[in-house]
Amino acid sequence: MIENKKNFEQFDQDMFQRVEMNEQLGERIAGKSLNFWQDAWMRLKKNKAAILSLSVIVILVLLALFGPMLSGRDAYEQNISQAKLPPKVTGLEWAGFDGMANLGGRDINFYEQKNVEENFWFGTDYLGRDLWSRVWEGTRISLFIGLMAAIIDTVIGVAYGGISAYFGGRTDNIMQRIVEILTGVPNLILIILFILIFDPGVFTIILAMTITGWIGMSRLVRGQILKLKNQEFVLAARTLGASSTRLIFKHLIPNTLGAIIITLMFTIPSAIFFEAFLSFIGIGLQPPQASLGTLINDGYKELRTFPYLLVIPSVIIVLLMVSFNLLADGLRDAFDPKMRK
Amino acid sequence: MEREKLLEVKDLKQHFKIGRGRVVKAVDGISFDIYKGEVLGLVGESGCGKSTTGRTIIGLYDATDGDVIFKGENVHGKKNKAEKLKFNRAMQMIFQDPYASLNPRMTVADIIAEGIDIHGLAKTKEDRMNRVYDLLETVGLTKEHASRYPHEFSGGQRQRIGIARALAVEPDFIIADEPISALDVSIQAQVVNLMKELQRDRDLTYLFIAHDLSMVKYISDRIGVMYQGHLVELAPAARLYENPLHAYTKSLLSAIPLPDPEHERTRKRIVYESKSLGAVGRSDEDSSIPPLREVEPGHYVSLTDEEYEAYKAQFV
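Chains G and S are the protein sequences, given in the same order.
Residue numbering for the first sequence follows our numbering, starting at 36 and increasing by one per position.
Residue numbering for the second sequence follows our numbering, starting at 37 and increasing by one per position.
If you are wondering where the hints come from, they were derived from the structure by calculation, not from laboratory data.
Do not take every clue at face value.
Simulated coverage check for chain G against chain S, where a stretch passes if three residues somewhere in it have a Cβ under 8 Å from a Cβ of chain S [as the list claims (entries may be wrong)]:
#1 171–183
#2 294–307
In silico lysine-lysine, DSSO-like type, Cα no more than 27 Å apart, as pairs [unchecked claim]:
#3 G:LYS67 x G:LYS264
#4 S:LYS120 x S:LYS49
#5 S:LYS53 x G:LYS264
#6 G:LYS264 x S:LYS179
#7 G:LYS285 x S:LYS117
#8 S:LYS253 x G:LYS285
#9 S:LYS232 x S:LYS253
#10 S:LYS117 x S:LYS46
#11 G:LYS285 x S:LYS159
#12 S:LYS161 x G:LYS67
#13 G:LYS264 x S:LYS72
#14 G:LYS285 x S:LYS61
#15 S:LYS232 x S:LYS72
#16 G:LYS262 x S:LYS61
#17 G:LYS67 x S:LYS179
#18 G:LYS67 x G:LYS81
#19 G:LYS264 x S:LYS120
#20 S:LYS120 x G:LYS285
#21 S:LYS253 x S:LYS46
#22 G:LYS285 x S:LYS72
#23 G:LYS336 x G:LYS119
#24 G:LYS262 x S:LYS232
#25 S:LYS117 x G:LYS264
#26 S:LYS72 x S:LYS53
#27 S:LYS107 x S:LYS49
#28 G:LYS285 x G:LYS264
#29 G:LYS264 x S:LYS61
#30 S:LYS49 x S:LYS72
#31 S:LYS72 x S:LYS120
#32 S:LYS161 x S:LYS120
#33 S:LYS117 x S:LYS72
If you want a taste of the chain G side facing chain S, the calculated C-beta under 10 Å gives, among others [what the hints assert, rightly or not]:
#34 LEU98
#35 GLY219
#36 ALA277
Please read all numbers here as calculations on a predicted model, not as lab measurements.
The C-beta atom is built at its ideal place from N, Cα and C for all residues, glycine as well.
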């Protein structure tokens, strides 16, 4: 210690330089500036399940769009001479894609039996239609139905819930009573009636599902807006003279968007599943229209001989459901303000 | 008093219906004037109607009854959009909770420029940004902060952003609704000093709502004491502390802690019983309160006739 002190005294005053304290530097923020979406993306990236699901969804969407082009066959073209061929992929014979099927206790190579040279990756159905093309065609229609139903739900739900909460008072009271009456009507009966009245088809199904589907979204948005509209930043905007339009689109909706997206992501798989369910029980899409539901409906009839007809569309619908749900879950964690701080 | 009255509040009432016919009389007939260039402090316990008074004056709530006259014009019941915008420019508000008063989805530049955008004060984008930079520097922040989001700032910094937002429209009168109660003490001084500085430089008038009595004494020229929706005493800041007359004021002042162990050991807390001198009945049972009387120049107290006579006999 004493030696240290001595050493210290040896230093000349000139060797020191004063460090001035800069007041402005005290206010500096060193971290990178991230907005809400960048922040959420950063957190989502850390969630392996969500990222995996996102990749699966992207791959399935790409296949749904371009899959039929890869095989070059039309999803509706029938060819009885090539009917009921099991899946065959060169190089993947070990994984079951060998064109063999068990018929009456014997494994038979259907391709040799029917003298078919080309390979059908997912096989063909009882009318000789290429299942690969049909599955992706069906996925596309299922995704389209899911997405459209979810978007329409969101548009109606956000508008209805937003108006109800923003204006409040008597408006809110009347609008909520209407919602309560709608919730009281059994959903399935309404949809079946709707499909019976109109021709079954993609748009009928979408409309039938959105008749009551938007209620969940409207409730969510109403709750969010009710919570937000008395927050001080909204009051501050009002004291500055902001118009209703400005309040809604600059302050209320952007702060609700996270919750809206999460609900949207949960709505898509449930709409896909509901369409499949309707098609499976026979009141959804009608043949020859392909959707994952109609494919499964066709497939389960020949489950014992040609299980691939059921298994392939089922695997895809399961992948879609699980991926969308996991991604929505991940998004919820990424957007959740409680995780912050 | 020859000074120019900037704001007159006359018998302002704000009652809230809470269903089943019940009514909360948050503010029940208060009157006061605010002179140009002064700071009027408004103190009182939680729930006595201080914040409601501020919010009703600025028009966030529609007053149940009474008038608010700003620069000689009655500001409530205005329907014309242009008139409303003009009023919005002249009167601004600083909020209590710096964490809730900034929109988390907007950048600081957009938050501060909101008033500029609404009132079309900037002609070009460059002009807009320059104004934002100027305001940021005025409140002790820097240009670099403009592109950041509120969650990146501390409470004190956020409160200063809130002040910059209010200043952006160049108001004459600012209602500060407990601007410092959510901040810790060292930051409180920073914000209060900033507000004082701004008042001097920009010739502002404040209505300063708070429950921290020492801070109110520091910043205010006059102080009003509120109790259960009524104004019970209004006096120049120094006089109120030297000579509190209303029992409630005495009780409040007796609660101020001083950093002096001697004083703290002997300090006696005066308990206010609501039926003592000039007591105010709870508004739902007995809403007749004694009127404010001027007992010395500029010092108003709510006293009944007998109390007033007794007081006069005591001093004259």
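Tell me, which hint numbers fail for this structure?
1, 2, 3, 6, 8, 13, 14, 22, 24, 26, 34, 35
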